[in-house]
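As given, the protein sequences belong to chains A, B and C, one line each in that order.
Heads up: the first sequence begins at 1 in this note's numbering, then just goes up one per residue.
Heads up: the second sequence begins at 1 in this note's numbering, then just goes up one per residue.
Heads up: the third sequence begins at 1 in this note's numbering, then just goes up one per residue.
Source of the hints: derived by calculation from the structure; they are not laboratory data.
Glycine included, each C-beta is placed from N, C-alpha and C at the ideal position.
Take the hints with a grain of salt, since some may be wrong.
Derived CB-CB ranges, DEER-like [unchecked claim]: (1) A:P46 with C:R429: 51 to 59 Å; (2) C:T383 with A:E90: 56 to 64 Å; (3) B:E556 with C:T402: 52 to 60 Å.
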Amino acid sequence: MTISTLSDWTGEVGTVTIGATKADGGTRSGTVTIGGERDLAFIGNPPTGNRPLIAYELCDDPSLWPAPVIRFLGDRASDPAEWARFAAGEYRPDLIRLYLTSTRKRGFSAFAAITTTVENILQATGLPLIIEGSNDPELDSEVFRRIGEAGEGERLLIGTAEAGRYRSIAASAMAFGHLVIAQSPIDINLAKQLNILLREIGLPHDRIVIDPYTGALGYGFEYSYSVMERIRTAALKGDDDLAMPMISSAIDSLTVKEVREADPSASDRTSVAWELYAMLPATVAGASIVCVRHPSTIQPLKAAIEALWSPPGGGA
Amino acid sequence: MPTVTFLPGFRKTELPSGSTILQAAQQAGIHMNVVCGGLGKCGKCTVYVKSGRYDFDREKYGKFFTPEELEAGACLACQTSVLGDVRVLIPEESIVQEQKILIDVMGTTTELNPAVWKYALRLSPPSLDDPSPDLTRLLWGIEKSGGPNEGDIYAPLEVIRRIPRVLRESGWRVTATVVLVPGGYRLVDIERGDTTPACYGAAVDLGTTTIVVFIRNLIDGSIMGVASNYNRQISCGEDILSRVTFARKGGLKKLQALAAESINAAITEAANNAGIDRDHIYEVVVAGNTIMTHILMGIDPAYMIEEPYVPVVRRYLTAAASRAGLEVGENSGLFIFPAVSDFIGGDIIADILASGMAEQEDISLLIDIGTNFEVVLGNRDWMFACAGAAGPALEGGEVLFGMRANAGAIEQISLDLETFTPAYRTIQHTKPKGICGSGLIDLLAELLRACIIDRTGRINTAIEHERIRSGRQVPEFVVAWKGETGIGKDIVITENDVKALIMSKASILAACRTLMKQAGITHAEIARIYFSGAFGNYISKENAITIGLIPEVPVERIFPIGNGAIEGANLVLLNRRKKRFLDEIARKIAYIELNAEPSFMDEYTGSCFLPHTDLSLFPTVEEMLEKCRLRRGVP
Amino acid sequence: MALKALDIYKLLPKKNCKECGEPTCLTFAMKLASGKVKPEDCPYLDENVREILGASTRPPVQRVKLGVGERSFAVGDEIVQFRHEKTFFHEPGIMTAVSDLMDPDSIQAVVADVRDHLLVRIGLDLRLNGIAVWSASGSPDAFATAVEAVEAVAELPEVLMAEDPAVQEAGLAVCGNYRPLIHAATGDQYREMCALAVKHGCPLAIRAPDLDALAGLSGLCTAEGVSHLVLDLTSPSLHDMLNQATAVRQQAITRTAPALGYPVFLDTRPCGLPDAALICGVLKYGSVLVADPLSEASRKALLVLRQNIYTDPQKPIQITPGIYRVGSPGPDAPVLLTVNFSLTYFTLQGYLEASGTDSFMLIVDTEGLSVLTSVAAGKLSETLVRDSLKEFAVPDLVKHRTLIIPGYAAPLSGKIEDETGWKVLVGPRDAADIAEFLEKEWT
Ligand code: SF4
Ligand code: FES
């Protein structure tokens, strides 16, 4: 076949490895590597780089979590370790992403609990972990220090650095050997700026995963989709400050009107559809990690990613 | 007491022995550069002592000078005490130009081709042999003196009425004045005797806030007088939009009268200073923004500020000056610069003319900065222009201790990159009261170099230093301690100030980049950047580039043109041949509406970073910042 | 490749004669570069230049229209590979499949459902587009009967999926006047299929084992007089569909393989992952998508995704300015000001609803610009706020005089207070923090 895709790209997305096994000084049962693409997502025979991965999201304070998930999980949602064990065992995501939502309550001061929660999750699953800390500059330095310390050696991916508050999280990542999610509000320039800021305070590019912020389907998703495409093409054109893998999570998917108001009998199906129809496009736009909250989304999403990844004859 | 004589002007002053030369200069009313405030740190107050007894520590301050300079008597004025009579040469670099409103004695040379001629005539009285009428006699006289053909000169009734008396009372020795207007030659005055040397014109910059007037001698082109003054329309609204609103509510007449009044006042002041009669001003050339010139001509500007934003007139306008209420010679001409759109007015056309960019093959970028900014990109074949709002930050507005370029404003500042100690210079060398635009640009660049702010303008509060503190709401940096200021409190720059400045500079840079993109031009292809506007002359080119206010080009390609509007008006006044060229310029310009340009917002966010998100656009700045970071070590 | 304004300008006569309706040749060049005028509008271009300009400004993907009447739709006319480069112009048509093995009643039920299904979002009607009739039986009669069943219920655009020319002809005999898409010509029977397409004036889908063969076939079909082609890239492999559709789009817009400058047809059934295939089809260059009937959840998500992707990224969707209520606010409820950029509106509305605070949203007209942009562009100003308060009679709605403005509008707070006399509270920058903000500040 002579007519094929035109791949005259010169750049390459950097690779990032998350998690550490015993051999690397951690306790994970395996590690995952993302990035490395030299073309658009899924393009090429075989595609370049690494297959996009699925992270399953959970939290330590379910009162701020979408209702359809809590309904689906029942009691399991009250214990993050149990939650993680269940999701990892039954649904087989590639990573677990824990939100320390407890830190977002007003007047939070239970810093010791952070250490315990992180340790418990580390024990509950052997999957590589993503940990989301506080989003209050007042708490950040203590929270991220705790996370960093509790997960020392595990090569966690921790979030979320923003242009307004990136120093504490970067400091923790540098001190304890972790990776950082750098989030900017749906804008390629802002994404790049944050990466430069992080580089300038000493966090190397291979420790950064870009989160371009993802709007829910129907609520600005198209902006995120295009920003991801732009970031990816910029990287392929050789812009080193944008050549990091991306993580995408449409965190509002399960609270949008369409899902909230869905008929109870269709609640799960609607939840899955809303997550699938945002996260599969995110992988096509170039995201290396896509995140879901409804356990039932994992299987169809995984099947779709595999079908997109495998050239015919390459096995599914 | 010793006497200090300043060369080259021989200005003298007496003061007690032991005083510094700097003090002597201040006493003599000479404004010297004292960037470091007279601490002997900046080396900007260089003088050469030519003779007399004085004391200066050559060992300590020798590093500022070359051996040749020391040989020639170089000293730092602030560190040299006078012990007896001395003669001191102040090199031009050490003198601060007068601040206030920018009045620039034009640098551009042009041929002298005014549109006004005066003819001193000795006519023979009529007789029975020679009974031709007075007017014919006069016009014949003009023709014989080398003027236009008798048949080509139009004489208005008011002038004709005066002819018989003036001719006879003067014993047939008169001076006739002829002006070339678009319709042809026009006899505008007849006077007794020979008044040919009294031939003047006025160039006017009609700005929204200020008005500047130059009176020029049209015989030799020399400057007779200069005056400036606030636009009295300010009483009807601070900014341009409120003026239009005022005009809409039936206030057009009043605004027109105020515009004329403001110009008249400035003309009168300049004429009085020069000791000339306003009636001898035969032509007035006005450059102003589109709304201002519409108002001056009494044309309703209301439709310009609503979609689709069309001005009533685009091409140049002429009329008798008296019809606009200008108090100059009764029949004198008035010439109004053409405009491109409501946003690109005659002031910008004047900028373009003054810069000379419309005559060059190389591509130039012209930037006029005020609360609103205009940018023009192009050469003699094509031009793109756009306009937008930069916000008042760069003029000192919306910045906590920002101020206009008045006495007491810090207009230049540098930081010691180790100790963060500022060295600054204020306008008129009084104690600092605030910081003006050029000072803010310096400050931003220095804060960045010192790694006190990151590229988004956030102050790094992790640095422990007395000048960096958390402030009431946001972090701030102390520029001057209470004791050293003229306002009794610390002068600071807050993180919000820095952000406002970044947003302002970003809109300007984004506008430049949008035009460049539209034309497909890279930084390297820009042969010249012209800077016009209030602070254009005082701004540090390096720092303007460091913060990304303008695209990076080698600094020698940057030319401040000061007040381009008044310069352009002067050029047209002195050389009438430029008039036709103005319409040509105006026609060549393609106006780009930034709000309709989808890439503008992208350029804007890209520019909200110091200097820009695409670091490769500012290679030397990057190199410099890299060094600064290395020196400080990674925090 | 697209030419820049200045490149075009260099080719123009530079007479500035205004005959094209533009003030200068340069403005004409700018408009030509952005496709707002045609080269023909300037009478002074020589043939050569017109050719160059025409070739570089004509859309590289052929426009093709399916169906007639109200529900007909056009695809193609695309000019970019990524939507952020400009926009995608024509949404793919989603064609629900029925087979001629189904009994007419079931067919009609499907058709009626497609006809009536409607989702209204942001003031726009989102619909499925048409029916693909699949010849599973191979019998011309059965096919004709199925097509008749479809026709009996609704005038919807159709795809007639029958590769046997005889079967195809039977279907066309029923609905050939209504511009169905003929599916599909192959190397073996393209002459007959082309003849049918010419006879009925219908667009024709073509299918070949690989892209080279497809380009060849496309040439053969145009030689037969069919210029409204659609390229069938269906494959059991999702990976292949994505790769081939990407290749076709790249080749078309770079004009390296003009024979591939046609819209793409994808049948999502063979790959066994209907949702995934539809998603890829919407994202990556499908123009006609065939699918089995979907669950309501998938259907909604699909229509919304398609709307999202085909929204012009340069023209934000706007909300009509005015007062909007969240819950049932009373005279003490907070008034939150924001801009009429739809995303901003929906985001704030979502969080306000979630916060459970009854409130008023005052939406002012910033021409669809976001808060940050409209502040920067001077579109959001104190006078606009003042006029909007008045226009929407906000003082009559509430007893208090406090206005909550978005965090990014903070620089305007003083001016708004001066201009309106209202007290201004600067809200959070991120709508997600609104609940917390209200809890703290609004008691
Ligand atoms: S018609 Fe042609 S020559 Fe005349 S102005 Fe338009 S582009 Fe220029
Ligand atoms: S060295 Fe004299 S003023 Fe700075």
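Hints, one by one, checked against the model:
no.: 1; hint: A:P46 with C:R429: 51 to 59 Å; verdict: violated, 43 Å
no.: 2; hint: C:T383 with A:E90: 56 to 64 Å; verdict: holds, 59 Å
no.: 3; hint: B:E556 with C:T402: 52 to 60 Å; verdict: holds, 55 Å
The earlier numbered hint that this structure contradicts is number 1, and it is the only one.
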